[in-house]
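Undergrad: Chains A and B are the protein sequences, given in the same order. Under the numbering used here, the first residue of the first sequence is numbered 6, with each subsequent residue one higher. Under the numbering used here, the first residue of the second sequence is numbered 19, with each subsequent residue one higher.
Heads up, some of the hints might be wrong.
Claimed, not checked - Capping the alpha-carbon separation at 25 Å, the derived lysine to any residue pairs in SDA-like fashion look like this: (1) Lys40(A) to Val247(B); (2) Lys32(A) to Val247(B); (3) Lys178(B) to Asp64(A); (4) Lys51(A) to Ser197(B); (5) Lys32(A) to Gly181(B); (6) Lys178(B) to Leu85(A); (7) Lys51(A) to Val252(B); (8) Lys51(A) to Phe189(B); (9) Lys123(A) to Arg166(B); (10) Lys40(A) to Arg166(B); (11) Lys178(B) to Asn131(A); (12) Lys40(A) to Ala159(B).
Stated by the list, open to error - Over 10 Å on every C-beta distance to chain B, these chain A residues come out as not near it, computed from the model: (13) Thr10; (14) Asp12; (15) Leu30; (16) Thr41; (17) Lys79; (18) Ala103; (19) Gln121; (20) Ala141; (21) Asp164.
As the list claims (entries may be wrong) - Computed footprint of chain B on chain A; a stretch qualifies when at least three of its residues, placed anywhere within it, have a C-beta under 8 Å from a C-beta of chain B: (22) 44-57; (23) 110-119.
Bear in mind the hints are in silico, worked out from the structure with no lab data behind them. A virtual CB, placed ideally from N, CA and C, is assigned to each residue, including glycine.
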Amino acid sequence: MELFTPDFGLIFWMFLAFAVLFFILWKWAWPVILKTVEQRADLIDKGVEYAQSAKDQLDNARESAQSVINDARKQQADILREADRLKNQIIEEARTAAQAEAQKVMDSAKMQIEQQQKEAQLQFRNQVSEFALDIASKVVKNQLKDDKEQAALVNNLLDEIDPDK
Amino acid sequence: MTRYLKIFILSLIALLPVSVRASHADDSHEGDHGGKIDPKEIIFEHLGDGYGWEVPFNHHKRIPLPIIVWGSDGLHIFSSARVTDGQTYRDGNAEFRIAPKGSEYKGKLVEIVDGKEIRPWDISITKNVCALFIAVIFVAALLIHLARHHKANGFKAPRKTTGAIEALVTFIYDGVIKSTLGDKAPKFAPYLLTVFFFILGMNLLGLIVVFPGGANLTGNIAVTLVLAVLTFLVTNIWGTKDYWKEIFWPDVPLWLKFPLPIMPVIEIFGMFTKPAALTVRLFANMMGGHMIVLVLTLLIFIFAAINPVAGGATTVVSVLFSIFMLLIDVLVSFIQAYVFTMLSTIFISLAQHHEHHEEHKTDEHQPAPAVSK
Numbered sequence: 006m007e008l009f010t011p012d013f014g015l016i017f018w019m020f021l022a023f024a025v026l027f028f029i030l031w032k033w034a035w036p037v038i039l040k041t042v043e044q045r046a047d048l049i050d051k052g053v054e055y056a057q058s059a060k061d062q063l064d065n066a067r068e069s070a071q072s073v074i075n076d077a078r079k080q081q082a083d084i085l086r087e088a089d090r091l092k093n094q095i096i097e098e099a100r101t102a103a104q105a106e107a108q109k110v111m112d113s114a115k116m117q118i119e120q121q122q123k124e125a126q127l128q129f130r131n132q133v134s135e136f137a138l139d140i141a142s143k144v145v146k147n148q149l150k151d152d153k154e155q156a157a158l159v160n161n162l163l164d165e166i167d168p169d170k
Numbered sequence: 019m020t021r022y023l024k025i026f027i028l029s030l031i032a033l034l035p036v037s038v039r040a041s042h043a044d045d046s047h048e049g050d051h052g053g054k055i056d057p058k059e060i061i062f063e064h065l066g067d068g069y070g071w072e073v074p075f076n077h078h079k080r081i082p083l084p085i086i087v088w089g090s091d092g093l094h095i096f097s098s099a100r101v102t103d104g105q106t107y108r109d110g111n112a113e114f115r116i117a118p119k120g121s122e123y124k125g126k127l128v129e130i131v132d133g134k135e136i137r138p139w140d141i142s143i144t145k146n147v148c149a150l151f152i153a154v155i156f157v158a159a160l161l162i163h164l165a166r167h168h169k170a171n172g173f174k175a176p177r178k179t180t181g182a183i184e185a186l187v188t189f190i191y192d193g194v195i196k197s198t199l200g201d202k203a204p205k206f207a208p209y210l211l212t213v214f215f216f217i218l219g220m221n222l223l224g225l226i227v228v229f230p231g232g233a234n235l236t237g238n239i240a241v242t243l244v245l246a247v248l249t250f251l252v253t254n255i256w257g258t259k260d261y262w263k264e265i266f267w268p269d270v271p272l273w274l275k276f277p278l279p280i281m282p283v284i285e286i287f288g289m290f291t292k293p294a295a296l297t298v299r300l301f302a303n304m305m306g307g308h309m310i311v312l313v314l315t316l317l318i319f320i321f322a323a324i325n326p327v328a329g330g331a332t333t334v335v336s337v338l339f340s341i342f343m344l345l346i347d348v349l350v351s352f353i354q355a356y357v358f359t360m361l362s363t364i365f366i367s368l369a370q371h372h373e374h375h376e377e378h379k380t381d382e383h384q385p386a387p388a389v390s391k
């Protein structure tokens, strides 16, 4: 069969054509194409790796930022608590100081009052005794009109004074 | 608008085989066979080679191509127009003509010496050879275009056609060559990629029915034979010591190889069946595809000869089936180029075999990148 017998001319040209095509592509096409394709694949791999590490770093940064925020919050709470305590303490101290001061003021006031009371009492007593003496002298004057009565009175008074001594 | 234009042109192209063969069949119908068509004749003429290239819609006119022969008295170069229609051409002392029907060399150029037909060494630029050159230019242009894109644009990914070619390159290089050959891939990649693109180019050009294509190249056993022989040479020239040891002294019981070398004979036989399988697979697949389209088209004329109505009905069915088959052939073109490349890669990788205890030594043979052959 004609179809199954290879033709010499075509074999010859096929060898030649293939050799030429191979030479052309080997020299000008494949090195450039394969090198670029390989390098681009490497570049893409590197890019993916870079993106991965960047993502990891971002996650880490986010985590550390979160921990910093948490720390800050804690510190803030501590400070607030401390401030609250200090405030209470100051108020307490102030209160005790004020109380002490008030006490002092009150004490001195009391003492003054007592003093004045005593003085007033004393004055009052003196006055009363004056009044009493006045009255007594008037009464005595009246009563001394009569000698009998004078003597009785003197006696009476002497009696009264006597047990006092 | 351009989309409809494209569809129109594509459908026109798809219909062309029908019209071309229709006019052809008409010629045979009215001409040499006296009202009878000879399907076998037509099919084999179209599957085979020729000294001229058919012009669409006209079976008699052909684009003449140069004939180059080494006859009994040296080199002769002349146009194929001089030997058409059975003419005899005298060039110096030698007489040439295309052998007529019934001759041993039917359809081939013969030299007439003493009234006898002798086949000279014939390296004419036939239709197939011309198509071969077109395929070489086509494939080289596409790939150099891609290489230039890379040179000019660096790592910028190509788009459209260039991108499609690059996708094919990476598909074969990463998917077939690298995954099979591993660190040896850069050494054999140029050969294997060239084989893939050459076969794919020839297959696809063969499907175009008018001028730049139309030659049944990969459906020609000479073409597939050369490709298979090249794979055979690459496999065996770069075969490792272990590969040859596996052939002549395989790891089998002694009685299988010593007094009678049963296994070595089988292994050596196996060396040659591989390229034979490559040859026949590609050839048969591509020829089969072309033949089915031809037969479907010829069915119209066979039925029309019996009954005009039946012929009319067959036309619709045949045209639809032809289009379907041509589309399938586009797929087959790719698959066969892929299969040929894949099997070549596997054969080469089998010859790169190293025994397990020597595996650590393979690093020493690491090839320089992208240098081969």
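Undergrad: Each hint should be assessed against the structure and marked as holding or not.
TA: Taking the hints in turn, this is what the structure says about them:
1. Lys40(A) to Val247(B): violated (29 Å)
2. Lys32(A) to Val247(B): Roughly 22 Å between the alpha carbons, so the hint for Lys32(A) and Val247(B) holds.
3. Lys178(B) to Asp64(A): violated (39 Å)
4. Lys51(A) to Ser197(B): holds (21 Å)
5. Lys32(A) to Gly181(B): holds (21 Å)
6. Lys178(B) to Leu85(A): violated (67 Å)
7. Lys51(A) to Val252(B): With a Cα-Cα distance of about 35 Å, the restraint between Lys51(A) and Val252(B) is violated, given a limit of 25 Å.
8. Lys51(A) to Phe189(B): holds (21 Å)
9. Lys123(A) to Arg166(B): violated (126 Å)
10. Lys40(A) to Arg166(B): Holds, at roughly 13 Å.
11. Lys178(B) to Asn131(A): violated (132 Å)
12. Lys40(A) to Ala159(B): holds (19 Å)
13. Thr10: The claim breaks: Thr10(A) does not keep its Cβ more than 10 Å from every Cβ of chain B (closest is about 8 Å).
14. Asp12: violated (5 Å)
15. Leu30: Since the minimum Cβ distance to chain B is about 5 Å, Leu30(A) lies within 10 Å and the statement is violated.
16. Thr41: Its Cβ does come within 10 Å of chain B, the nearest being 4 Å, so this is violated.
17. Lys79: With a cut-off of 10 Å, Lys79(A) remains clear of chain B, as the shortest Cβ separation is near 50 Å.
18. Ala103: holds (83 Å)
19. Gln121: holds (108 Å)
20. Ala141: The claim stands: Ala141(A) keeps its Cβ more than 10 Å from every Cβ of chain B (closest is about 136 Å).
21. Asp164: With a cut-off of 10 Å, Asp164(A) remains clear of chain B, as the shortest Cβ separation is near 143 Å.
22. 44-57: Holds: 3 residues of the stretch 44-57 of chain A have a Cβ under 8 Å from chain B.
23. 110-119: Coverage by chain B is violated for the stretch 110-119 of chain A (0 residues, Cβ < 8 Å).
Figure legend: structure checked against the earlier numbered hints; hints not met, in rising order: 1, 3, 6, 7, 9, 11, 13, 14, 15, 16 and 23.
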